[in-house]
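Chains A and B are the protein sequences, given in the same order.
Residue 97 in the working numbering sits at position 97 of the first sequence, and the numbers go up by one each step.
Residue 695 in the working numbering sits at position 346 of the second sequence, and the numbers go up by one each step.
The set of hints was computed from the structure by calculation and includes no laboratory data.
You may find that some hints are simply not true.
Said to hold, decoys possible - Okay, the calculated beta carbon distance ranges per label pair:
1) 428(B) - 211(A): 55 to 61 Å
2) 175(A) - 420(B): 33 to 39 Å
3) 402(B) - 12(A): 51 to 57 Å
4) 262(A) - 406(B): 24 to 30 Å
5) 273(A) - 695(B): 54 to 60 Å
6) 200(A) - 364(B): 56 to 62 Å
7) 451(B) - 122(A): 52 to 58 Å
8) 277(A) - 558(B): 55 to 61 Å
9) 364(B) - 214(A): 56 to 62 Å
10) 14(A) - 603(B): 25 to 31 Å
11) 611(B) - 200(A): 26 to 32 Å
12) 601(B) - 112(A): 22 to 28 Å
13) 277(A) - 571(B): 56 to 62 Å
What the hints assert, rightly or not - For lysine-lysine, the following DSBU-like pairs were computed, each having C-alpha atoms within a straight-line distance of at most 35 Å:
14) 153(A) - 11(A)
15) 403(B) - 176(A)
16) 698(B) - 610(B)
17) 525(B) - 122(A)
18) 583(B) - 54(A)
19) 583(B) - 173(A)
20) 583(B) - 122(A)
21) 648(B) - 261(A)
22) 261(A) - 522(B)
23) 176(A) - 522(B)
24) 648(B) - 176(A)
25) 234(A) - 54(A)
26) 261(A) - 471(B)
27) 261(A) - 352(B)
28) 338(A) - 173(A)
29) 648(B) - 683(B)
30) 176(A) - 299(A)
31) 54(A) - 610(B)
32) 648(B) - 173(A)
33) 525(B) - 261(A)
34) 522(B) - 175(A)
35) 610(B) - 261(A)
36) 610(B) - 173(A)
37) 471(B) - 234(A)
38) 403(B) - 228(A)
39) 577(B) - 54(A)
40) 234(A) - 648(B)
Here a beta-carbon is modelled for each residue, glycine too, at the ideal position from N, C-alpha and C.
There are 2 protein chains.
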Amino acid sequence: MKKTAKAYGAKSATADLEPMTIERRELQATDVNIDILYCGVCHSDIHTVRNDWKGSTYPVIPGHEIIGRVTEVGPNVNNFKVGDLVGVGCMVDSCQSCNSCQHDLEQFCENGATFTYNSPDKHLGGQTYGGYTTSVVCDQEFVLRVPENIDPKGAAPLLCAGITTWSPLRHWKVKKGDKVGVIGLGGLGHMGVKFANALGAHVVMITTSPDKADDAERLGAHEVLISKDQDAMKAHANSFDFILNTIPVGHEMDPYLSLLKIDATMVLVGAIENMREFHGGSLVMGRKRVAGSLIGGIKETQEMLDFCGEHNIVSDIEVIDMQNINEAYERVTKNDVKYRFVIDMASLK
Amino acid sequence: MKKTAKAYGAKSATADLEPMTIERRELQATDVNIDILYCGVCHSDIHTVRNDWKGSTYPVIPGHEIIGRVTEVGPNVNNFKVGDLVGVGCMVDSCQSCNSCQHDLEQFCENGATFTYNSPDKHLGGQTYGGYTTSVVCDQEFVLRVPENIDPKGAAPLLCAGITTWSPLRHWKVKKGDKVGVIGLGGLGHMGVKFANALGAHVVMITTSPDKADDAERLGAHEVLISKDQDAMKAHANSFDFILNTIPVGHEMDPYLSLLKIDATMVLVGAIENMREFHGGSLVMGRKRVAGSLIGGIKETQEMLDFCGEHNIVSDIEVIDMQNINEAYERVTKNDVKYRFVIDMASLK
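Given only the sequences and the hints, what does the whole structure look like? Please build it.
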């Protein structure tokens with residue numbers, strides 16, 4: 001018997017989100033059914049609702065920062081039991097056999113990962129529906145264990161904002177004593193600061209806004225560098241071991257590249273759009289690098305959640321009711337949130 | 350007693366090169382005096398003569414692909430003796446004590462490497478003078494040993510074009526079986542093809558010009574990919590382990606980034622100027638990287654020369670007399686040379 005769930009979604013690129021009823025698939029042998037407690041609001045949700053990246057198929061039910069409790073497990077589920085606190089992030093399936101999947105990089109599955117929403121649904125046809133809903137059915141391989149000691153509301157954004165910043169910090173081996181810059185203090189940036197601090201780095205928040213200094217330091221930054229202050233930028237030239245760039249829109253890169261040490265890397269995680277011109281010499285002089293990074297694999301996501309449990313790290317959030325999602329979207333687009341909205345799904349039940 | 354040498358140089362950004370007489374410093378304890386046999390003509394020579402990068406101080410005596418024989422050594426020279434075949438590349442000095450120098454990256458000397466021409470001269474004041482001359486005095490630490498079994502004329506461009514392409518291939522650990530792209534078939538690109546081939550890679554010449562295909566294959570390319578052929582570009586998408594980008598001017602990067610595998614790097618060595626806009630997603634989707642690389646350190650340059658001796662690799666060149674340098678410059682700016690001009694310095698003596 002197919003399951004239904006209450007949800008909130010958009011019927012078109014210009015419509016507000018509104019209540020809907022969606023189908024969830026019947027539980028398969030390796031499936032876990034999850035009662036959703038909280039779901040974070042990611043900027044990608046808004047881009048998909050508004051079809052900014054094209055390819056949106058309506059209705060769109062967004063949400064890929066899902067926290068809930070297991071209510072049912074299929075007969076072959078061996079990792080989870082009823083009552084477990086779990087999470088589902090940006091992906092719900094992948095081929096599990098290609099080179100990327102075998103290297104724990106499901107986000108780059110060569111046969112196409114199934115993303116949590118607006119991705120072709122192998123089970124029901126049509127598109128996948130995300131976490132702005134009361135329940136989700138997901139294969140156990142894509143279900144994450146959430147430590148019971150951390151606040152589950154604050155844990156929701158770890159599933160996207162968390163892993164998106166954790167993955168590059170780990171992949172580029174940020175370690176104790178490294179000087180790490182985090183550019184931009186938003187949903188991603190505030191997690192980057194917390195993680196880099198917890199990894200033992202000397203963390204510098206790089207921002208255009210002097211008024212973000214206090215908050216950056218509260219979150220774990222040891223210094224704040226105002227990128228419009230040319231003297232300050234010069235004083236930090238060629239000194240960073242790693243820079244995590246969370247700016248969500250296209251921007252100039254040369255001023256930030258000037259901050260990198262020889263052989264150091266700046267990783268873009270926020271801007272899936274055109275970057276402005278940059279000077280070849282900004283990379284050539286110092287063998288510097290620019291890279292990109294996309295969320296992270298499932299194994300790495302579990303490692304991140306375990307680390308958060310050990311270090312008691314969650315996101316700074318504002319909790320909203322499902323019914324207030326449209327106002328929340330307006331505020332996100334104005335960067336008016338510290339630092340992530342999380343929907344309390346009890347409001348939909 | 351100060352030495353003088355016959356030379357060719359430019360008195361201003363708009364002047365042709367003309368005969369001059371320059372001073373060379375007296376031999377110091379660790380200096381080697383070199384009778385110059387050949388000097389390659391690098392595009393950087395022209396940029397400096399024409400003040401394209403600003404900061405040129407006249408007269409400019411270019412030339413940093415120098416091959417010659419030792420005629421005299423200082424009392425503390427222990428690496429070279431009279432008669433040795435040697436080379437001098439882009440640098441003639443560095444502090445030898447900073448972090449970069451201690452890691453064999455003299456090109457990034459934190460106290461400023463002394464480049465072979467148009468760099469502040471610590472000994473005589475003014476600017477250093479390059480290799481378009483009959484002799485040069487150089488500290489032994491910056492003199493390279495040239496294998497006697499390779500053609501000394503063809504060896505000249507190894508000192509810049511050679512190390513510029515060798516260094517990134519080695520630093521990014523190109524190995525047997527890797528699929529390596531070399532973009533652009535000029536002075537740099539033709540060396541990139543030879544080296545990548547000799548390192549055992551599957552080499553793909555990536556060019557806009559179908560008429561370069563035969564020559565690319567003669568030089569060692571296993572395939573030729575015409576970058577304007579969109580079907581061909583798609584067929585090669587996400588398949589390259591490494592791309593060496595020798596395009597000498599600013600250009601679009603997205604089409605080339607699409608060729609890289611997950612985690613693979615494209616290295617810019619040619620364009621010290623503005624690159625066009627590129628899409629953040631070109632890096633984010635696949636955790637791809639763009640880097641820059643500048644010549645190479647002295648130790649690595651010696652390794653490259655030794656490798657050339659073992660594999661009998663030299664540049665493809667056209668030999669000219671010193672007096673024909675101005676015509677050669679015109680031809681270089683039109684890419685009308687296969688693949689490097691080398692001045693026979695006997696013409697100046």
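Consistency of the hints with the structure:
1. 428(B) - 211(A): 55 to 61 Å: 59 Å, holds
2. 175(A) - 420(B): 33 to 39 Å: 51 Å, violated
3. 402(B) - 12(A): 51 to 57 Å: 53 Å, holds
4. 262(A) - 406(B): 24 to 30 Å: 27 Å, holds
5. 273(A) - 695(B): 54 to 60 Å: Roughly 58 Å apart at Cβ, these two residues keep to the hinted range, so it holds.
6. 200(A) - 364(B): 56 to 62 Å: Distance hint for residue 200(A), residue 364(B) holds at roughly 57 Å.
7. 451(B) - 122(A): 52 to 58 Å: 56 Å, holds
8. 277(A) - 558(B): 55 to 61 Å: For residue 558(B) against residue 277(A), whose Cβ atoms are near 25 Å apart, the range 55 to 61 Å is violated.
9. 364(B) - 214(A): 56 to 62 Å: Holds, since residue 364(B) and residue 214(A) (Cβ atoms, about 59 Å apart) stay within the stated range.
10. 14(A) - 603(B): 25 to 31 Å: About 30 Å separates the Cβ atoms of residue 14(A) and residue 603(B), which means 25 to 31 Å holds.
11. 611(B) - 200(A): 26 to 32 Å: 28 Å, holds
12. 601(B) - 112(A): 22 to 28 Å: 26 Å, holds
13. 277(A) - 571(B): 56 to 62 Å: 34 Å Cβ-Cβ, so the 56 to 62 Å window is violated.
14. 153(A) - 11(A): 27 Å, holds
15. 403(B) - 176(A): Status violated; Cα separation ~41 Å.
16. 698(B) - 610(B): 52 Å, violated
17. 525(B) - 122(A): 40 Å, violated
18. 583(B) - 54(A): OK: residue 583(B) and residue 54(A) at ~21 Å, within 35 Å.
19. 583(B) - 173(A): 33 Å, holds
20. 583(B) - 122(A): 26 Å, holds
21. 648(B) - 261(A): Since the Cα atoms of residue 648(B) and residue 261(A) sit roughly 21 Å apart, the hinted pair holds (cutoff 35 Å).
22. 261(A) - 522(B): 21 Å, holds
23. 176(A) - 522(B): 27 Å, holds
24. 648(B) - 176(A): 31 Å, holds
25. 234(A) - 54(A): Violated: residue 234(A) and residue 54(A) sit about 40 Å apart, past 35 Å.
26. 261(A) - 471(B): 26 Å, holds
27. 261(A) - 352(B): Violated, because 40 Å separates the two Cα atoms, which is more than 35 Å.
28. 338(A) - 173(A): Roughly 28 Å between the alpha carbons, so the hint for residue 338(A) and residue 173(A) holds.
29. 648(B) - 683(B): 34 Å, holds
30. 176(A) - 299(A): 23 Å, holds
31. 54(A) - 610(B): With a Cα-Cα distance of about 24 Å, the restraint between residue 54(A) and residue 610(B) holds, given a limit of 35 Å.
32. 648(B) - 173(A): At roughly 27 Å apart (the allowed maximum being 35 Å), residue 173(A) and residue 648(B) satisfy the hint.
33. 525(B) - 261(A): 30 Å, holds
34. 522(B) - 175(A): 24 Å, holds
35. 610(B) - 261(A): Answer holds: residue 610(B) to residue 261(A) is near 26 Å, not above 35 Å.
36. 610(B) - 173(A): 21 Å, holds
37. 471(B) - 234(A): 26 Å, holds
38. 403(B) - 228(A): 26 Å, holds
39. 577(B) - 54(A): 26 Å, holds
40. 234(A) - 648(B): Given that 35 Å is the threshold and the Cα spacing comes to 31 Å, the pair holds.
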